[in-house]
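Protein chains: 2
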Amino acid sequence: MVKLAIDAMGGDFAPKEIVEGCLLAAKEFSDLNLVLYGDEEQIKMYMKKVPENISIVHAKDKLDMGEKDPISAIRRNDELSLVKAFKAVHDKECSGVVTAGPTQGVVVAAHMIIKKLEGMKRVAICPQLPEVGGKSRLLLDSGANTDVRPEHILQYAEFASIFYKLTRDVENPLVGLINIGSEPGKGRELEKEVFELLKEDPKINFYGNVEPKELLTTPCDILVSDGFSGNLVMKSFEGCAKAMGIILKEEISKTLGGKIGYLFMRDNIDEFKRRMSADEVGGSLIFGVDGVVVKAHGSSNAYAFSHAIKLARKTVLSNVLETVKQHLNE
Amino acid sequence: MVKLAIDAMGGDFAPKEIVEGCLLAAKEFSDLNLVLYGDEEQIKMYMKKVPENISIVHAKDKLDMGEKDPISAIRRNDELSLVKAFKAVHDKECSGVVTAGPTQGVVVAAHMIIKKLEGMKRVAICPQLPEVGGKSRLLLDSGANTDVRPEHILQYAEFASIFYKLTRDVENPLVGLINIGSEPGKGRELEKEVFELLKEDPKINFYGNVEPKELLTTPCDILVSDGFSGNLVMKSFEGCAKAMGIILKEEISKTLGGKIGYLFMRDNIDEFKRRMSADEVGGSLIFGVDGVVVKAHGSSNAYAFSHAIKLARKTVLSNVLETVKQHLNE
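Protein sequences, first through last, are from chains A and B.
Here the first sequence is numbered in my numbering, starting from 36 and rising by one per residue.
Here the second sequence is numbered in my numbering, starting from 36 and rising by one per residue.
None of these hints come from the bench; they were simulated from the model.
Hints should not be assumed to be uniformly reliable.
Since the list gives no way to pick one copy over another, a pair counts as held whenever it fits inside one copy or between any two copies.
[Stated by the list, open to error] Each computed PhoX-like pair below joins lysine-lysine, with the alpha-carbon atoms no more than 25 Å apart:
(1) K284 with K308
(2) K51 with K289
(3) K277 with K227
(4) K349 with K83
(5) K103 with K221
Take these sequences, add in the hints, and give me the full structure.
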């Protein structure tokens, strides 16, 4: 049985899409036991009948999606659905938590409530990149820590390698370092030092430097960087996808052929757009705390949220945290 | 008369496309005087008749596009077409130089041969981003200097503001700072300090922080960052465009409708791809040295190279360097 805490009130379309996502996941996996934290009355509006493997714990408040100061909000208010869900993980009532709440709030709650794993120096946000060529790569840290030391990035690589091996069934996942050039010796002092650490670590299958232009086509499974750089890369991809949507529309509408062609391939272009919205389906993992934390995209619909639950379930069942703990104690 | 030095041997398709690009530009602008540096025999193969406003200066060697150590190569060999062209600017024989040679070699030559403007602390690479919504934005530094201080980025902003104002006829170009969040106070120490400097500078029309996801849709005309971050952003856009091309192809070929639609809109999609290849047309400026330097894309064809010449011409005619010099002496 995998018991997961769900923040039913986090996300742009909460609680409706969150509740429906839980129903989808609970139906698909009979080994799931979901505890939904949030406004009981509202949650029940979207469930005709509460399934056996779902329960509800009332929480009267929720963290606002645009909250400017999540640290104070989380510290001040025990009645937030997010806080209650994270406490359930801290108290070992649940093995993991899934939320579509605001990223900063999720990182803060993971830090303050669940707390870091002993021996783990930093927390990292790890999104799964859009699948290209049959592979969905990991990028971490994508924004939890802007100022880090080389050994922190080494730990990200070790953590992600264990996660990838156990959840994806790949014996020696290949690790690349995000950098501005592919040759050794490129980048700032930080990258040069991380390069050496990764190269010397016998537990890492190190590929070398990877420029962001190869992000979705590199043979690597895992890409590491400091949180500032990782965040810039993620947001650049988002910006490029957005701009490309605009430009594609401009170009298609320029000629009659373009307009006719569009009628034929409208579905293909929609599917293309969906695939390019990074981390829309699947969610990001928060690595480094003593519990499984999955952050679903803020704009998650039921389908996307059910995938985030699936990711949390898989991570719990694969004993990722236990393996990392052993590794940290070696 | 605008006299420009041309490195006829730099670029993936040199000298053919370079020479043909020069012919296009020389024909369009009778005030241009182009001096082509390179292998005379090869250059003449692509010119039936040398026009009046084009001359050739023989250089027997060229900098290899894949040269691993451009510093030594440039220091060692005065016979490189790149070195000769840059020397013509240093010696004030020409007002500017245009080359499609390798970026690192161009930056090194600008530094070592033309030399920095007095008072200018760092050199910056400034590409023009793909046009979206009728605006082509500038991003600098996109990779000349990985370790910089806040005042260097302030100078980039001042330099680019003068350039934008004089060449684009915009009275108060809007400047944004590349960052991982849009609110003040975001980013590393570097971004926080640069934010304050930009805010206080009366010569800068400062907008605030800009996340890379808004890079091509922001109201800003100019975006500044350190060279490491700027390079990551540029290469991420390149990677995203590349991946999107692959995904779009995958999706279109999945259904019959997609394939039929593609036949109708093939031209539109080709034009879309062309527009998304950042800096393919137009080239990047190298700011900070005592001469106009335009780096055309390595894969430039004649059309793209003629646009790079056009950019150099416009920059010379707009007295950008003279205005910057006045500004630096104020």
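Hints and how they fare:
1. When the C-alpha separation of K284 and K308 is checked against a cutoff of 25 Å, the pair qualifies both within a copy, at 12 Å, and between copies, at 12 Å.
2. Taking the closest pair of Cα atoms, K51 and K289 never come within 25 Å of each other, the shortest separation being 40 Å inside a single copy and 33 Å across copies.
3. For a Cα distance limit of 25 Å, the shortest separation of K277 from K227 qualifies neither inside one copy, at 33 Å, nor across copies, at 27 Å.
4. Taking the shortest Cα distances, K349 and K83 never come within 25 Å of each other, neither inside one copy (28 Å) nor across copies (69 Å).
5. With identical chains, the CA atoms of K103 and K221 are at most 25 Å apart between copies only, with a shortest distance of 12 Å across copies and 37 Å within one.
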